[in-house]
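Put chain B on the given structure of chain A with help from the hints.
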Amino acid sequence: MDVLKTTLSNGLNIFLKEIHTTPIISHWLWVRVGSRDETPGITGASHWVEHMQFKGTQQFPAGRLDKDISRDGGFWNAMTYIDWTAYYETMPAEKIDLGLRLEADRLINSDFDPDEVASERTVIISERQGHENSPIFRLDEDVQAAAFDQHPYRHEVIGRMADLESMTRDDLYQHYKRFYTPNNAILAMAGDFDSAEMLERIRQLYEGIPVGPAPARVAAPETPLSAERRVLTQGPGETVFVRAAYRAPHAQDPDFFALSVADSLLAGPSNLNFFSGGISNKTSRLYQNLVEKELAVGVSGGLQATIDPFLYDITAVVHPERSADEVIAALDGEIARLQDSPPKAEELARAVKQAQALFAYGSESITNQAFWLGFAEIFADYAWFENYLQRLAAVTPADVQRAAQTYLQPQRRVLGVYQPDGRPEQPA
Amino acid sequence: MSPARNSIPGSDDITRVELANGIVVLARHNPNSPAITLRGYLQAGSLFDPDEKLGLADFTADALMHGAGGRSFQEIYDSLESIGASFGFNSGTHTTSFGGKSLAEDLPLLLDILNSSLRTPAFPADQVQKLRAQLLTGLALRAQDTREMASLVFDELVYPGHPYSRPDDGNVESISAIVRDDLAAFHQQVYGPRGMVVAVVGGVPAEQAVEQLRAALEDWTNPQQPAEVVLPPWQPLPERLAKRHAIPGMIQSDLIVGSAGPPRRSPDFMAANLGNSVLGRFGLMGRIGDAVREKAGLAYYAASGVGGGLGPGAWEIYAGVNPANEQKAVDLILQEVQRFTTELVSEEELSDSQSNFIGSMPLSLESNGGVAEALLNMERYQLGLDHYRLFPDKVRAVTREQVRDVAAKYLPAAQLAVAIAGPPLES
Chain A
1 MDVLKTTLSN GLNIFLKEIH TTPIISHWLW VRVGSRDETP GITGASHWVE HMQFKGTQQF
61 PAGRLDKDIS RDGGFWNAMT YIDWTAYYET MPAEKIDLGL RLEADRLINS DFDPDEVASE
121 RTVIISERQG HENSPIFRLD EDVQAAAFDQ HPYRHEVIGR MADLESMTRD DLYQHYKRFY
181 TPNNAILAMA GDFDSAEMLE RIRQLYEGIP VGPAPARVAA PETPLSAERR VLTQGPGETV
241 FVRAAYRAPH AQDPDFFALS VADSLLAGPS NLNFFSGGIS NKTSRLYQNL VEKELAVGVS
301 GGLQATIDPF LYDITAVVHP ERSADEVIAA LDGEIARLQD SPPKAEELAR AVKQAQALFA
361 YGSESITNQA FWLGFAEIFA DYAWFENYLQ RLAAVTPADV QRAAQTYLQP QRRVLGVYQP
421 DGRPEQPA
Chain B
1 MSPARNSIPG SDDITRVELA NGIVVLARHN PNSPAITLRG YLQAGSLFDP DEKLGLADFT
61 ADALMHGAGG RSFQEIYDSL ESIGASFGFN SGTHTTSFGG KSLAEDLPLL LDILNSSLRT
121 PAFPADQVQK LRAQLLTGLA LRAQDTREMA SLVFDELVYP GHPYSRPDDG NVESISAIVR
181 DDLAAFHQQV YGPRGMVVAV VGGVPAEQAV EQLRAALEDW TNPQQPAEVV LPPWQPLPER
241 LAKRHAIPGM IQSDLIVGSA GPPRRSPDFM AANLGNSVLG RFGLMGRIGD AVREKAGLAY
301 YAASGVGGGL GPGAWEIYAG VNPANEQKAV DLILQEVQRF TTELVSEEEL SDSQSNFIGS
361 MPLSLESNGG VAEALLNMER YQLGLDHYRL FPDKVRAVTR EQVRDVAAKY LPAAQLAVAI
421 AGPPLES
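For the record, the sequence lines run as chains A and B. Using this note's numbering, read the first sequence as starting at 1 and increasing by one per residue. Using this note's numbering, read the second sequence as starting at 1 and increasing by one per residue.
Pulled out of the complex, with its shape left as it was, chain A reads as follows (with noise of 0.2 Å):
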């Protein structure tokens, strides 16, 4: 199916794909903010705000939209991402018109009441204080300080406990001006309409909407480790987690492609899907040699498409009776092996396999195929997510190889324990 893509003389970029399998439509507004755009004293500030985008507008007070919404038997949320930010809501075909509705007006007139920033700063430091429950999450977070020196990409999305402490409701609305304009917005719907006349009312809703000033974006290139990092977290619990993070390629560097490949062999295939789960993972190179050589219980890979290099990483949870040391050594094994050698054509093949399933699985789903739409265009453009598979089916045995090599170095990476306290021995 075509996609109909333009943009607005506001420079609001539109993508609207027509499926008329089932009466439903996808619509969402993607922002060009995230993380990555925050500067120490005010991190956590684009998830913040996307919490106030729920906070009301004058046509839709705070309390009023949500059951609007959910009246109409649609579902809707919104995440913030490093990139990005994103809202969305999937309804039934008739009822769009709401969703339409309100993602022209928050994009230009939330209100950022006082008393609802306030509220909000208590709830925020609740989700933070959910997440530090969790050893991954704390161990993520000192992996990602490490990782980075100057790029915001160091730090978590959901911001600094201080600055969650003091960033006040100006800082909140500045950030919100700045980045919220039609021209740093793509809207992207998908499901059963009309595009023609779809598209005549996004001009209807988003054409009176002043073009804003290009933002300024904060992330400057970081320059490359020049030795193996270090870090140990400690915590509660018995149980230990290893994670080698290693300097990755933006989605679209070429060899963006071929390290997904040589993850899909050492971890498994990623799922990009937003709405459809992945597979299971059990005959990858690191599971047959950490899993099932029993130095660990679970092992995974994770590679994301983003704007900069972020991070490829690997995540193993180490065996009860085994040490994190074990675990390093023979997760160095396992790379060296893909450095020494290429792969076998058959396993490149199968990789591809993997991914053409997973794509059949995302396009059940309307909501992920509305996400498709814009979440490509946030870091290349839609063409991405079609040339996909046939980029992946490109890579050869050569290439993954040398994708291990260059990227897959020591001296590229933040290697991070979690040790819990009661816990005895073996710091990394």
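Calculated from the structure, these hints are not laboratory results. Accuracy of the hints is not assured; some may be wrong.
[As the list claims (entries may be wrong)] In silico contact screen, one side only, chain B against chain A (beta carbon under 7 Å); selected entries: (1) I83; (2) A133; (3) P248.
Glycine included, C-beta positions come from ideal geometry on N, C-alpha and C.
Chain B in isolation, oriented as in the chain A frame:
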């Protein structure tokens, strides 16, 4: 047929066949899908666990695919993962369920794995040993999880002496004590076709799917298969009971307030479900979300849920809060429960939730997995194959008085359990 009609499964487009050995097969063709979802359950849940071997049903289900039908763990997962398919087993209290997905042309492979895992699992000793370490690690992580520990404490308070008080995944002592032969014996004695239900939804015509399932599973028998477990009656709490479980090093506490709710098949369920929406789901987590999150700013999540399974599953209100705010949050929740159980919800509140239930139902049936789950629900709870087509009328029939009455019946404010897990409190 309009898309709207086409998207809701009903008796005219669901194929339901009972095989000679008792397995019920439900199939629905989705010609738009290149993929297929296979899901189902059989009567082999933790209700069959001996007290000293809690977690046995769960351990057995986890071990089924670690060697079966003459193939090793490696060979089984190689066949699945090499084509991007997934399949797995998971045990609950009443049943062990299974499920997976693949491209439509690979359905025979999923059926082959289902068949061999159910009928000829090998339980290799080395694999059992590896699995045990994984399960014990899972229990160590559970012990550090405030939500899960609050839930265990809640079940102990609400269901004393009842099978629902027992954790499906067992405990460190029981999992350490279970050996390979226990798994084989549990499989031999409990697994069987009677009461088993399988749903197949996706890009394979229903008749073909049924015939493939028939060929794979109709000749399976197990004369030893036990009768269904009859649950003992549930006893209401004598008074409000509270218990707190301390986990050193935690930053946030989780709390659960509630009691046992109506089973899914109870005539009370629809009113309870709609009432629960008003209480803790609609909009941004209903009245509870409004009181605890929006007005008091005490929690990121504060909501409620009504289980409604085969037995008296929990009706619970839950929140994650700073330890200093535990009592404040509990008090707010109890105030809301008091109002909910004594006053009528407003006409607007009820009609809002009714509209939400009716409008959102097609969204839940968007994917093959969503439809498969709907087919299994209709069979499990004997709702009839037109349940989802009749659903709007059933929802609209609920009155405000019915909501108040079921609330008062199942959530009496003076007889609720309050379970909390969080860091040790300074005295």
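Original post:
Which hint numbers does the structure go against, in order from smallest to largest?
Top reply: none
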